[in-house]
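Line by line, the protein sequences are chains A, B, C and D. Here the first sequence is numbered in my numbering, starting from 116 and rising by one per residue. Here the second sequence is numbered in my numbering, starting from 116 and rising by one per residue. Here the third sequence is numbered in my numbering, starting from 116 and rising by one per residue. Here the fourth sequence is numbered in my numbering, starting from 116 and rising by one per residue.
Since the hints were made in silico from the structure, they are not lab data. Since this is a predicted model, take the numbers as computed values, not measurements. It is possible that part of the hints are untrue.
Identical copies go unnamed one by one, so any copy, or any two together, can satisfy a pair.
Claimed, not checked - For lysine to any residue, the following SDA-like pairs were computed, each having C-alpha atoms within a straight-line distance of at most 20 angstroms:
#: 1; residue 1: K278; residue 2: Q204
#: 2; residue 1: K485; residue 2: A274
#: 3; residue 1: K165; residue 2: E240
#: 4; residue 1: K457; residue 2: I434
#: 5; residue 1: K265; residue 2: L239
#: 6; residue 1: K165; residue 2: H233
Number of protein chains: 4
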Amino acid sequence: MTDKLHEECGLFAMFDNDGYDTARITYAGLFAMQHRGQQSAGIAVNNDRKVTLYKDNGLVHEVFSDEVINSLKGRMAIGHVRYSADGEQDVLNAQPLVSRYIKGPLAVATNGTLTNYHELKHQLEQEGAIFQTTNETEIIMHLLARARMKTGRVETGLAEIMKNQLRGAYALVMMSPQKLIACRDPKGMKPLCMGKIENSYVFASETCALDTVRAEFVRELDPGEIVIVDVNGVRSIRDNCQDRKCSSMCVFEYLYFARSDSIIEGMSVHKARKLTGKILSETYPVDADIVAAVPDSGVDAAIGYAEASGIPYAKALMINRYVGRTFIQPTQEQRTTAVRLKINVIRDTVKDKKIVLVDDSIVRGTTCAKLVAMLKEAGAKEVHMRISAPPFIWPCYFGTDIPSREHLMACNYTVDEICNMIGADSLGFMPVERLPEVVPDINCGYCDGCFTGKYPYEHE
Amino acid sequence: MTDKLHEECGLFAMFDNDGYDTARITYAGLFAMQHRGQQSAGIAVNNDRKVTLYKDNGLVHEVFSDEVINSLKGRMAIGHVRYSADGEQDVLNAQPLVSRYIKGPLAVATNGTLTNYHELKHQLEQEGAIFQTTNETEIIMHLLARARMKTGRVETGLAEIMKNQLRGAYALVMMSPQKLIACRDPKGMKPLCMGKIENSYVFASETCALDTVRAEFVRELDPGEIVIVDVNGVRSIRDNCQDRKCSSMCVFEYLYFARSDSIIEGMSVHKARKLTGKILSETYPVDADIVAAVPDSGVDAAIGYAEASGIPYAKALMINRYVGRTFIQPTQEQRTTAVRLKINVIRDTVKDKKIVLVDDSIVRGTTCAKLVAMLKEAGAKEVHMRISAPPFIWPCYFGTDIPSREHLMACNYTVDEICNMIGADSLGFMPVERLPEVVPDINCGYCDGCFTGKYPYEHE
Amino acid sequence: MTDKLHEECGLFAMFDNDGYDTARITYAGLFAMQHRGQQSAGIAVNNDRKVTLYKDNGLVHEVFSDEVINSLKGRMAIGHVRYSADGEQDVLNAQPLVSRYIKGPLAVATNGTLTNYHELKHQLEQEGAIFQTTNETEIIMHLLARARMKTGRVETGLAEIMKNQLRGAYALVMMSPQKLIACRDPKGMKPLCMGKIENSYVFASETCALDTVRAEFVRELDPGEIVIVDVNGVRSIRDNCQDRKCSSMCVFEYLYFARSDSIIEGMSVHKARKLTGKILSETYPVDADIVAAVPDSGVDAAIGYAEASGIPYAKALMINRYVGRTFIQPTQEQRTTAVRLKINVIRDTVKDKKIVLVDDSIVRGTTCAKLVAMLKEAGAKEVHMRISAPPFIWPCYFGTDIPSREHLMACNYTVDEICNMIGADSLGFMPVERLPEVVPDINCGYCDGCFTGKYPYEHE
Amino acid sequence: MTDKLHEECGLFAMFDNDGYDTARITYAGLFAMQHRGQQSAGIAVNNDRKVTLYKDNGLVHEVFSDEVINSLKGRMAIGHVRYSADGEQDVLNAQPLVSRYIKGPLAVATNGTLTNYHELKHQLEQEGAIFQTTNETEIIMHLLARARMKTGRVETGLAEIMKNQLRGAYALVMMSPQKLIACRDPKGMKPLCMGKIENSYVFASETCALDTVRAEFVRELDPGEIVIVDVNGVRSIRDNCQDRKCSSMCVFEYLYFARSDSIIEGMSVHKARKLTGKILSETYPVDADIVAAVPDSGVDAAIGYAEASGIPYAKALMINRYVGRTFIQPTQEQRTTAVRLKINVIRDTVKDKKIVLVDDSIVRGTTCAKLVAMLKEAGAKEVHMRISAPPFIWPCYFGTDIPSREHLMACNYTVDEICNMIGADSLGFMPVERLPEVVPDINCGYCDGCFTGKYPYEHE
């Protein structure tokens with residue numbers, strides 16, 4: 116638990132061939148991917164060309180009541196959870212978006228960021244296009260409607276704009292009047308996998324959603340692949356596919372975004388995180404009594420650290436499970452603090468102990484400093500902070516909402532200075548050069564631009 | 116995480132001498148004790164004899180907005196979170212209760228159960244009393260108003276009804292027009308402690324609430340003690356106090372109810388739970404690869420088991436942190452289940468492993484059976500279930516909402532039968548005879564009636 | 116339409132012998148009497164001794180949804196609409212009140228004011244009673260519970276407290292576990308009538324409610340009468356009944372409170388109001404072109420004035436029917452005013468005309484002044500104001516919420532001064548000495564204390 | 116009060132030069148025109164090129180709270196109340212619509228119907244346009260964005276699409292980034308007038324809105340005129356203007372839609388309605404005791420009938436002013452009916468009387484039949500029904516939501532048959548050939564297609 120970075124949306128989709136309640140399964144799938152976006156949730160269903168959409172700001176379980184889910188009937192469904200990188204809160208920008216184009220309703224949900232958004236928008240405006248949102252998905256819909264008039268089919272239209280117009284990181288699910296379509300950008304920067312429930316097909320950003328709806332994992336979409344499902348079955352357009360080894364899965368999915376029970380491009384997220392703990396214990400060993408995690412973000416790496424070092428894993432911090440997004444923030448002059456409302460020290464565990472404390476990131480450092488202080492106040496002899504990600508010092512152009520450099524500790528201070536500022540006895544970050552060891556099972560390339568400044572695409 | 120037993124309310128109170136925002140501090144205190152009651156929350160403040168009350172069904176953060184808290188101004192405040200044992204959902208029964216008696220407003224909140232409730236109520240009815248609620252607190256208010264006419268003071272009235280009329284387990288906080296009063300029943304069955312913030316006084320059911328509002332722990336109230344705080348300071352009435360060693364703190368607070376970062380009657384709850392793990396590892400050793408917890412209920416004991424046995428602690432189950440009380444329950448015919456929406460297996464951890472799985476209780480056994488099945492399905496070789504509480508086989512007359520015997524597995528089946536039913540390879544419960552070892556630091560007696568059938572009071 | 120005086124509650128009750136939906140009929144009855152109270156509405160039903168209550172602030176149609184009405188099942192029902200004279204808005208004070216006394220649930224709703232409220236309350240407090248509301252109905256419930264213990268029956272208890280304890284104006288409907296009971300105070304100051312639907316009985320404050328639910332009018336309750344309906348039929352306790360001619364029906368019901376389609380104590384309210392118009396035309400004749408009403412409050416009297424004088428009735432003012440209670444009040448600096456949002460002049464009607472403008476009262480005079488100004492601005496040559504009630508210059512102790520004397524124009528200025536202040540060319544009030552001519556068909560005495568200062572009861 | 120026909124939206128707009136609160140004035144203006152649309156309400160403000168929109172389903176006072184109005188700051192504002200002819204309830208279709216086009220935000224609100232909607236939409240779709248609504252306003256916005264790219268200015272773009280593309284009846288207000296623009300269609304079928312508040316300009320569908328905000332009436336827009344207001348003042352584009360005498364104001368505005376205090380194209384609505392009463396009294400004289408109105412729809416014509424015939428105007432029916440849109444509809448088996456909840460007979464007035472009962476229309480006849488029955492049941496000797504509009508027997512293509520012919524009594528039965536069916540003693544409709552006498556002061560032509568089948572435009 117630290118000043119959180121924000122994840123960038125989760126996608127789910129289903130084409131039913133067995134009589135399932137697609138909206139209810141989509142709900143469960145989105146629910147499993149709530150960590151990917153807590154700002155808004157939406158589901159659109161297509162019932163024999165009639166599309167019904169329900170979306171609102173809030174968590175999945177807040178947005179959808181049983182009554183609402185019951186009102187969403189359709190053979191196809193797509194769903195979306197959102198975190199809006201630019202703080203845009205207008206519910207109009209929540210996804211899926213639904214428009215009518217010449218062939219009927221079109222519903223689209225995307226995860227990602229177009230790096231040439233402004234260029235594409237300006238071009239459309241010149242042609243007299245009007246816009247309801249500030250959403251990249253709407254740009255894609257305009258381009259699709261136009262490309263469809265040219266190529267005669269919506270999926271060939273999609274292939275064309277992927278090739279000639281869209282630049283950036285994106286995964287996308289959409290429903291035309293009769294087809295469910297899913298795709299990943301040619302660089303494969305965002306995850307999207309396919310599963311099967313009996314004879315029906317589902318798509319999800321993470322495998323944890325497949326597990327939750329008890330779908331069998333089929334495979335991940337290839338970078339650049341377009342999968343089309345309709346009454347005739349499943350087929351792919353692979354015109355934009357490239358060599359998988361040249362693709363660029365966001366490495367931050369493993370370190371931070373994804374749920375630890377997901378498997379992405381062949382690599383277990385939990386295993387990746389345990390490996391960070393192992394590497395941290397090798398790189399920054401310490402003579403300590405216990406290894407403890409900042410709940411819940413540091414747990415996987417802390418277990419890895421404990422296992423590798425032989426120092427016992429312990430529970431030093433207690434998290435209040437009832438902390439919601441909406442609890443009243445304590446004001447400056449209050450007795451308590453947001454951190455204290457969320458986390459308390461277990462005195463019994465920490466008194467007179469030398470502690471390795473593991474978390475997944477330090478952004479602004481304020482939370483971290485408070486936790487170290489609370490531990491010391493409760494009698495901890497030493498607190499050694501270990502961070503399971505390298506310091507991010509570069510911007511992300513592909514959807515991760517990293518604070519500007521002036522707010523990033525790692526951009527402005529040395530590790531020693533940061534250690535001092537948070538009051539720890541030592542501090543160690545995951546070494547960037549050992550990142551390849553964290554994802555040994557990955558079956559593609561990855562992007563670590565936020566740590567290295569090297570990106571797969573040029574950016575605007 | 117199992118079919119949950121329900122906790123029985125949390126209390127918080129404050130008398131301010133420093134200009135603090137009493138409602139906001141009470142909010143934070145209740146927030147820290149949300150685990151003690153999720154059905155309703157309420158705060159009453161007394162602003163120079165004018166009492167304002169706000170209560171509603173819901174979690175603390177749902178019931179109270181910033182605006183509501185701002186509207187609650189007063190030098191004294193009392194707060195309450197409730198779980199209603201009898202399923203009564205009428206918000207009228209939410210606490211605190213506020214009435215007007217001859218001296219002005221009276222606000223009372225209680226945690227506990229009167230065993231002679233029906234007898235007291237009948238007697239009052241005979242005298243023409245009328246009732247708004249089915250709440251024991253209202254009985255206490257009637258008795259108080261009458262006793263006050265007799266003894267001349269509300270606190271002496273309270274001492275008298277504690278001596279002559281109230282029987283059972285209770286802790287109580289109340290505000291008369293000018294005094295804040297707190298007390299524990301003579302057997303001390305429910306916890307209540309006192310803290311200090313500068314020159315101001317707070318009371319809370321658990322110390323975790325004191326930590327959260329950064330109050331200094333002063334002491335626990337003695338069994339039978341009445342503490343009165345007013346502008347003249349703090350004083351006690353100890354007429355109903357008895358030998359502390361004869362008191363009967365509910366042992367279930369340590370095993371189940373309380374937050375693991377609380378300290379009750381001198382004993383750390385987290386330490387008690389770790390000790391159950393140690394005892395389980397001694398009593399039911401097993402040759403296993405990993406020790407894992409059912410999140411979050413089994414974590415403390417699992418850590419204790421791992422530490423004592425030397426088997427590594429691992430994360431085998433992933434809990435979805437976004438599960439609220441209100442998410443849509445999957446229906447019978449759905450693909451997913453409530454358990455699956457909440458918990459998923461981390462395949463990587465469990466494949467081909469022999470697992471010790473620790474939880475704090477088995478009530479109906481259905482959840483447990485599903486988790487064992489999920490682990491096996493994911494490749495676990497063996498699953499050895501360890502439960503950190505003894506089987507409860509007796510009713511509780513003092514506020515714990517234990518299902519009727521017909522629903523309690525332990526009343527109807529042998530341990531072997533239960534083991535079979537949940538599909539585990541072995542099953543071990545905390546042995547009841549070793550309970551004293553679980554609470555080595557406790558400074559008073561305790562009640563273990565739900566395990567032994569031996570109670571401190573006769574019951575109706 | 117003027118600065119309104121506030122009415123004092125409407126009552127409805129039903130005992131079903133035919134299988135009717137009592138809550139739905141009570142809803143319709145309350146709906147018809149919405150003019151008697153717009154602050155809160157409530158219905159309690161008794162389903163074989165189980166009482167369910169639903170009440171809230173708001174209009175009848177706002178408080179009750181179809182779903183809520185469907186949840187209110189019972190053979191007996193009582194309902195209430197409230198205007199709270201003392202501005203108390205706490206929904207706890209909304210009626211009916213429901214308590215449990217020794218025989219089970221008791222639900223009571225009253226219309227009126229006890230003049231010895233404080234005396235009764237103090238006496239109860241001395242006996243240790245506690246109170247939830249500041250409501251007179253709760254006093255009655257306490258007294259009833261005590262009297263019932265003494266007399267053995269709730270209806271004899273009611274007869275006793277009517278005789279010995281309750282003083283003031285009240286009509287009341289109540290449900291004990293098995294009986295529906297209705298009564299009027301011995302002076303008969305508040306209306307209450309009985310109707311029949313097939314073999315079922317209903318009670319209502321006004322006959323318009325009987326018409327709305329298509330009940331046959333049976334009769335009005337006698338002053339002091341208690342009517343009991345149960346499975347054995349209907350019976351009365353008449354111990355507190357007196358000579359009807361000595362009773363004191365509130366004359367303001369005819370002039371102001373009641374709906375003009377109601378008949379109270381034999382006298383048509385519409386006819387009474389038309390007669391005020393006739394008397395005004397005789398007392399203050401004027402050479403005018405048209406007679407117009409302030410909508411809607413002056414319409415009946417204006418029609419009477421027009422008919423008696425031979426001057427044509429015209430529509431000079433247009434009321435906006437969408438004005439609700441909650442529209443945004445224009446602020447001082449706004450272009451428009453509350454009066455203008457509600458009423459506009461029909462220029463075509465008033466240009467170059469001499470107008471008689473009729474309303475039912477002048478309280479503070481501000482609205483009246485604005486209307487006269489608007490008429491003149493639209494070209495009216497003369498505006499002659501006629502008021503169909505005498506000036507009230509005395510307080511009401513029985514439930515009518517008359518502003519304090521300092522706010523009553525008629526207490527502080529002569530008629531000429533008022534005429535000047537409102538900018539009218541002449542002004543005439545209904546002469547108090549001709550009030551008997553307004554209610555020629557009334558079959559009892561009446562109270563005109565607010566005009567004359569002569570009251571049927573002493574007051575505290 | 117009858118089975119209502121539905122009105123077709125009201126428009127309001129303001130360009131402020133004096134520092135007024137434009138949203139609050141727009142609110143008041145819409146409030147005055149609530150009768151033109153009760154389904155949704157919306158206001159958009161333009162604060163230095165930043166447009167803020169708030170709209171929702173509901174009445175003006177339900178949609179807008181003080182807080183919402185305060186959040187709408189801007190020098191320009193446009194507002195809209197809607198009745199949706201096609202029953203579309205999606206709030207997306209509520210107006211104003213706001214889009215972004217190349218020059219920034221564009222907000223548009225319209226009243227009316229394009230007869231070539233489908234043709235225009237299809238053409239846009241062919242060009243790859245996508246749509247969010249099923250709203251004609253969105254079509255206009257697409258055409259405007261395209262025409263603006265061609266003509267270089269939004270107002271010249273508007274002139275061009277009015278000339279070449281838009282066909283049908285419409286009035287429109289819009290805000291470009293810097294201009295407030297209002298127009299009426301070349302046939303002038305929908306009303307729109309201009310007013311002034313000091314140096315600021317307002318536009319409204321009806322003059323009653325100008326009166327309510329105390330704006331001075333300046334003039335009506337000419338048919339086909341475009342008025343542009345910006346910081347440089349007011350100017351018109353008159354390229355689409357034609358001879359006013361050839362225009363076609365909807366005559367139903369006088370008979371039914373407009374508020375009786377409005378003046379449209381020089382003709383007082385109240386006067387027009389009184390004239391219908393006069394004509395009815397001449398055409399269908401009757402020897403009666405009283406003339407009464409169905410409240411409130413028949414009041415103006417009834418007053419005209421009474422005045423012309425010399426028969427006294429009386430109040431025979433009492434309307435319940437608290438009937439909202441949302442009250443619980445009585446079910447079939449209920450004691451009461453929707454009509455009875457709304458209207459009750461004043462027995463005193465009708466007993467033994469011969470009554471002329473006036474209303475403005477008969478659509479399905481059911482309400483009318485119930486009222487006649489209620490009057491007879493209350494003792495009326497004769498009931499002579501007079502309807503102040505001719506029977507509509509033709510569809511309207513320009514926005515009036517007339518039921519299909521199978522539901523229109525007048526299409527399926529003779530006047531005698533209808534008279535029989537409603538149980539009246541006689542029945543007379545306003546003669547269509549005397550319509551010119553109803554609008555003697557009108558300064559333009561009018562459309563009476565719904566009575567005659569003769570329309571100003573061809574229709575699709």
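So, going through the hints one by one against the coordinates:
In this assembly of identical chains, the alpha carbons of K278 and Q204 never lie at most 20 angstroms apart, being 31 angstroms within a copy and 40 angstroms across copies at closest. For the homomeric pair K485 and A274, neither the shortest alpha-carbon distance inside one copy (51 angstroms) nor that between copies (44 angstroms) is at most 20 angstroms. Taking the shortest alpha-carbon separations for K165 and E240, only the inter-copy value of 18 angstroms comes in at or below 20 angstroms, while the best intra-copy value is 29 angstroms. Both within a single protomer and between protomers do K457 and I434 lie at most 20 angstroms apart by alpha-carbon distance, with minima of 6 angstroms and 18 angstroms respectively.
Within a single copy, K265 and L239 get their C-alpha atoms as close as 16 angstroms, and across copies as close as 15 angstroms, so both meet the 20 angstroms cut-off. Taking CA atoms no more than 20 angstroms apart as the test, K165 paired with H233 passes between copies only; the shortest distance there is 19 angstroms, against 32 angstroms inside one copy.
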